[in-house]
Amino acid sequence: MSTTPERAGRRVLIIGATSAIAAETARVFAAYGARLFLTGRHSGRLDAVAADLKVRGAAQVETALLEVTDISRHAGVVEAAFAALGGLDVVLIAHGTLPDQQRCEESAAETVAALEVNFTATIALLTLLANRFEAARQGCIAVITSVAGDRGRQSNYVYGAAKGGVERFLEGLRNRLFRSGVAVITIKPGFVDTPMTAGVAKNPLFASPRRVGRAIYRAIEARRSVVYIPWFWRPIMFLVTALPESIFQRLRL
Amino acid sequence: MRVYRSWGRYPRVSHAGVLPVLWRAEPPSLDRVEQTVLPFACGRSYGDSCLNDGGLLLDTAGLDRLIAFDKVAGVLRCEAGVTLADILALTVPQGWFLPVVPGTRWVSVGGAIANDIHGKNHHRAGTFGAHVIRLELVRSSGERLVCSLEEHPQLFRATVGGLGLTGLILWAEIRLKRIPGAGIDVERVRFGGLSEFCELAERDHEYEYTVAWVDCLARGRRLGRGIFMRGDHTTWSGPAPSPLARARLRVPCDAPTGLLNRVTLGAFNELYYRRQLRTRTRAVVRYAPFFFPLDAVGDWGRLYGPAGFLQYQCVVPDLPGGRVIREIFERMAGSDEAPSLAVLKRFGDVPSPGLLSFPRPGLTLAVDFAFRGRRTLALLEELDRVVRDAGGAVYPAKDARMSPESFRRFFPEWEQFAVHIDPKFSSSFWRRVHHS
Numbered sequence: 001m002s003t004t005p006e007r008a009g010r011r012v013l014i015i016g017a018t019s020a021i022a023a024e025t026a027r028v029f030a031a032y033g034a035r036l037f038l039t040g041r042h043s044g045r046l047d048a049v050a051a052d053l054k055v056r057g058a059a060q061v062e063t064a065l066l067e068v069t070d071i072s073r074h075a076g077v078v079e080a081a082f083a084a085l086g087g088l089d090v091v092l093i094a095h096g097t098l099p100d101q102q103r104c105e106e107s108a109a110e111t112v113a114a115l116e117v118n119f120t121a122t123i124a125l126l127t128l129l130a131n132r133f134e135a136a137r138q139g140c141i142a143v144i145t146s147v148a149g150d151r152g153r154q155s156n157y158v159y160g161a162a163k164g165g166v167e168r169f170l171e172g173l174r175n176r177l178f179r180s181g182v183a184v185i186t187i188k189p190g191f192v193d194t195p196m197t198a199g200v201a202k203n204p205l206f207a208s209p210r211r212v213g214r215a216i217y218r219a220i221e222a223r224r225s226v227v228y229i230p231w232f233w234r235p236i237m238f239l240v241t242a243l244p245e246s247i248f249q250r251l252r253l
Numbered sequence: 001m002r003v004y005r006s007w008g009r010y011p012r013v014s015h016a017g018v019l020p021v022l023w024r025a026e027p028p029s030l031d032r033v034e035q036t037v038l039p040f041a042c043g044r045s046y047g048d049s050c051l052n053d054g055g056l057l058l059d060t061a062g063l064d065r066l067i068a069f070d071k072v073a074g075v076l077r078c079e080a081g082v083t084l085a086d087i088l089a090l091t092v093p094q095g096w097f098l099p100v101v102p103g104t105r106w107v108s109v110g111g112a113i114a115n116d117i118h119g120k121n122h123h124r125a126g127t128f129g130a131h132v133i134r135l136e137l138v139r140s141s142g143e144r145l146v147c148s149l150e151e152h153p154q155l156f157r158a159t160v161g162g163l164g165l166t167g168l169i170l171w172a173e174i175r176l177k178r179i180p181g182a183g184i185d186v187e188r189v190r191f192g193g194l195s196e197f198c199e200l201a202e203r204d205h206e207y208e209y210t211v212a213w214v215d216c217l218a219r220g221r222r223l224g225r226g227i228f229m230r231g232d233h234t235t236w237s238g239p240a241p242s243p244l245a246r247a248r249l250r251v252p253c254d255a256p257t258g259l260l261n262r263v264t265l266g267a268f269n270e271l272y273y274r275r276q277l278r279t280r281t282r283a284v285v286r287y288a289p290f291f292f293p294l295d296a297v298g299d300w301g302r303l304y305g306p307a308g309f310l311q312y313q314c315v316v317p318d319l320p321g322g323r324v325i326r327e328i329f330e331r332m333a334g335s336d337e338a339p340s341l342a343v344l345k346r347f348g349d350v351p352s353p354g355l356l357s358f359p360r361p362g363l364t365l366a367v368d369f370a371f372r373g374r375r376t377l378a379l380l381e382e383l384d385r386v387v388r389d390a391g392g393a394v395y396p397a398k399d400a401r402m403s404p405e406s407f408r409r410f411f412p413e414w415e416q417f418a419v420h421i422d423p424k425f426s427s428s429f430w431r432r433v434h435h436s
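Residue numbers (our numbering), protein chains in the order written: chain A, 1 to 253; chain B, 1 to 436.
Isolated chain A, as found in the complex (with noise of 0.2 Å):
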């Protein structure tokens, strides 16, 4: 295995570390022997995958238990990984859920609960790690949002809205921190195919969490602002958005 010294040893923090594309970025970082600092919020899946990432090749590996929309609780963690590996050369926000739409729709309480979780506590721990990253003037923020924050759609707008927020902040936060030598990544993929979606109707635009993790990987290494995985929803998307509305609120999409 090739590994240069850049990439042994590089300090990366992955919020959400137990979701399936975020284990397998983890595993890339960890064939490459990397320290790795996870955060999930079951310890029994988080010590599962911990023991699989130092069996590939990490050469440290260290759990926090978090419940993202438990913000209080956030600066505690970040300094924890920040003292656990010396400092931080990449942060991955993995975290997040797919609210049932229709359940949204009945009930502000649901709705504002998804937004937490996607939205809200994304931005808090962002607010942290931007001046952190900031004041170290290098390294990587890599945040996965979804082709669903795109375009608001009746079947999922309220997902859609929460990564949509997400991904207006990311290019604010990528202007200021363009002086500082940071890079900020907006991940998009589209259909994965996780276990979890075992029981659902599948098509051939759905790709695999392997390689989806391994292009999140490649994209951090090369510093993209913006990336869509797999590549091909890029056009989708641009032609999803360039529809006019006229149009597009008449589709059941």
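Don't read these hints as lab results, they were simulated from the structure.
Some clues are possibly wrong.
Partial pick of chain A residues on the chain B-facing surface, computed with a CB cut under 8 Å [what the hints assert, rightly or not]:
1) Y32
2) G33
3) V49
4) E105
5) R214
We treat Cβ as the ideally placed atom computed from N, Cα and C, and that holds for glycine.
Starting from the structure of chain A, add chain B where the hints point.
For chain B alone, coordinates are given in the frame of chain A:
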């Protein structure tokens, strides 16, 4: 995109649903499930042993985590859905190899145990199951049992080669073997017929790996001509693939029916045989092309067209001159079916712990047939008769059609096995061969 089909794409069945198994600490509770269940990972069994028509599949692809690797003792513990490809990518650079590998690395550890797979070193190493130290099984009762030759030995022996019917394997611990490097020192010897093959196979104990590719469309004097490959682990000085190495070519869709027929396959066999001009060649290659030549083309089964294909693999006693194999070749050549290039190997006598294990001392032959309905089935039933009379067996992992009578003859320990089947577990294969 996950598809729940077998590798031969025959038979086509419909499942009532799929239950993903994602975490080893949170196995599914099966006590309230109405239908029967069957574990499914890579779908590389050829026939119906990985299918459960009308029932549920437990998708174990998410159980793909490594748990521990002792680099000194060479012992790996991992979840059941981990592929052999993943294991080799990790362990080969560290000087360890799987004790047994089949013809593809895209199989799961759970599948390797459930089918008690074998490889080109069977004459020395025996089956995969012979190198499993222990495994954890979840039963539909909710019980979780760590099984080995010491703990629950009968359940362990039923689970190795047990076709996924004894419960859900969550993880396993495997003993790896030391290698000098990622290379294989391979010698290819052209042989003109079956008796020459038998002479070469006589000396297989001198090599770690041996296998032969045979042209089974050649008739008369050339019947059973082919290329004998034998190899040993060695060092490799070429480049190693990066962790980001990309997937390979794929066959994107079903080829037209009849693309692989007697004319095209005959021409391919001729080329394959003639490609090697000298009687003997020797080279050092990386391990992957030696063990997994077909992995270079994803979904190659689609070349057989939408109707799918059947692989026939049997083992028969090793009689002088390959007598039973000769009879099988003659019957294939005399039919109008189009068998592909065949694989021929001599199994050794290393015992397997598995009650329903397929390999046993003798010659094993594997051949693919495009599925052409009743005619194909009739030929394979005829071959079954030859195998039954010779006291051999047919491999369940490749099977979609053997009769209940054949199954009982091939696997006389089936009754002893059947008492260990979990009441909630079943498969299309099991219902077919268990039907009286």
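Q: May I ask you to test the interface hint for A/R214 with respect to chain B, counting a Cβ-Cβ separation under 8 Å as satisfied?
A: Interface hint status for A/R214: holds (6 Å vs cutoff 8 Å).
Q | Per-residue hint verdict: A/Y32, partner chain B, C-beta under 8 Å | A | Holds - the Cβ of A/Y32 comes within 8 Å of chain B, reaching about 7 Å at its closest.
Q | Evaluation of the interface hint that places A/E105 against chain B, nearest CB under 8 Å | A | violated, 27 Å
**Q.** Residue hint A/V49, partner chain B, criterion CB-CB below 8 Å
**A.** holds, 7 Å
Q.
Under 8 Å is the threshold here; is the Cβ of A/G33 close enough to any Cβ of chain B for the hint to stand?
A. It is violated, given that the least Cβ distance between A/G33 and chain B is near 10 Å, above 8 Å.
Checked against the numbered hints above, the structure breaks hints 2, 4 and satisfies the rest.
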